[in-house]
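Below, each chain spelled out in residue letters.
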Amino acid sequence: MTEVLLLGRRAVREVVRYPEATIPTLFIPLFFLAVNIGQVSKTFPSSTPFLRGQGYVAFQLPVSLMFAVATATSGLALVTAIDLGYFDKLLVAPIRRSSIIFGRLAADLVRGIGGSALVLLFGIALGAHVESGVAGAVVIVLLAAMFGVAYAGFGILIALRTRNVQATQSSFLLFFPLLFLTPNFVPFDRLSPAMETLARINPVSYVIVGLRSLVIDGWNAGDIGIAIGVIVALGAALTGLSLHTIATYDR
Amino acid sequence: MPMRTEEQPTAIAAMCLRRTFKGGIEAVRDIDLAVSAGEVFGFLGPNGAGKTTTVRMLCTLLPPTSGSATVAGLDVVGDGAAVRRSIGVALQEIGLDPVQTGRELLELQCGLYGITGRSGRERAAELLELLGLTDAADRRTKTYSGGMKRRLDLASALVHSPQVLFLDEPTTGLDPASRLTVWDEVRRINASGTTVFLTTQYLEEADKLCDRVAIIDDGRIVAEGTPERLKAEMGHDVVSVSLNGADPDATQSALAGLPGLERVMPEPGALALYVADGANSIAEIVRRLDRDRIEVGAISVARPSLDDVFLNATGRRLEGQEQSQEAEQ
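Protein sequence lines, in the order shown, are assigned to chains A and B. If you count the first sequence from 1, you need to add 618 to reach this note's numbering. If you count the second sequence from 1, you need to add 162 to reach this note's numbering.
This list has only true hints and no planted wrong ones.
Covered stretches of chain B, as calculated for chain A (at least 3 residues, CB under 8 Å):
{"no.": "1", "stretch": "220-229"}
{"no.": "2", "stretch": "257-265"}
Residues from chain A that face chain B, not an exhaustive set, calculated with beta carbons under 7 Å:
{"no.": "3", "residue": "K707"}
{"no.": "4", "residue": "I713"}
{"no.": "5", "residue": "R869"}
From the derived model, a few chain B residues whose C-beta atoms are all more than 12 Å from chain A:
{"no.": "6", "residue": "D192"}
{"no.": "7", "residue": "R350"}
{"no.": "8", "residue": "S402"}
In case anyone wonders, no lab produced these hints; they're calculated from the structure. We put the CB at the ideal spot given by N, CA and C, even for glycine.
Using the sequences and the accompanying hints, generate a full structural model.
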């Protein structure tokens, strides 16, 4: 546990000392939130049934939260450490290899909490109201951050498998279809049949729906439970694969 | 240098150690090694000879394809975790984290070896002082010079006072002054009882630092012993004839059949003559060149170097390769 804390603190230090790695990942979701609302708020006024009296910003906010936390930053940091030889230094230390992964994920949690809190505050400033209250806002931030931690396993996996900076950087692009094949602009029942089918098999949809329910509906145990289930399953799968890959690295 | 005796325990042993990479590339081919505790052991060879692959296997970073090895009496495959607790490693690629300051890096490294809290802070400060990095301790490592980075890397390998220290080409790319500083450190570390396994492509480094050396070429150990013994086994002197514009073929012809001549090696602007007795051969060399009216430059006699040992074992020189690699860098 000590080694995870030590490596986590080092990774957090990296986040703080290289803001240039984090700022773009926050600018894009904030930018999209502002632009999307500007473009469609007249199309979806607050009288739109699925908005339950709120502005469209409340509906879009979870999408921007997902955008803010799903990054390849940890994967990039890891592949850079491999390039620099620092990764070898860690491998030759008498620590569990898994602690290298968990240390990175600890930093993802911190980054995710900071990033999602910022996006949430921006959304509130644009007029969103969190129906589930302050406790709900905390849960939103934590769920979004946990999704970021779960998704970080993908970048880490690509970094360990390819040991290539470009490939790891490109892995982030895969998140675009995952984010847009969801009920991101309208609910499931307003999508075309084909899009609805794709959105319903996309696990990211259920995380968005869960977060959205906390903003628009209040406490909806079913939606929140499914979102937590998806995050846990995704995290277990991607982190599990990353742990297996680091355990067999050069073996 | 300390005297070594047969009774000293073995710090590193390798038996038929082999590593074959994908595509059938045989990087290390069935090598045997025995390094006594307290030795500075040099592993000498050109780039691509198998030095780093051997070090990576001994450090548990890479499993052998076949064969076995022990470090500090522990099996590198079966007791990997225990081996890692017993060794310090400074790899060829300086493994420094640019995010952290020198002090933070050492304190983290201490923590990874279980030296935490005040003890970790004190050990980091002690090593920074020892390696002359106290003034730069709170600067990020990315601002360090090459020599400072190498010293910090060395310090990070020493936080837990390892029994065996692996140094993979610790002076490659360093300026002469930094190189001497690293040599001093290696001597100091060894004097405290740490066994040092050092890979190098520098003959002078192996000659000056190491109690014993093994020469590796193309994955195989081709010679092993103390530098003095290896050179003495050559059993000849080297007479260097600077051509100074003279025709190398004509010069070589004039010297053919020189008494005691074992081999002639053409070198850039010179000929190296391997003779049984260098001092007594010079008069005959001069006489033969005069007879054939060949005007050459300086003629000098030297005892064989490790490069001559390398030449004898492999049929080519290491020194030329070393210089061309430095020029490329």
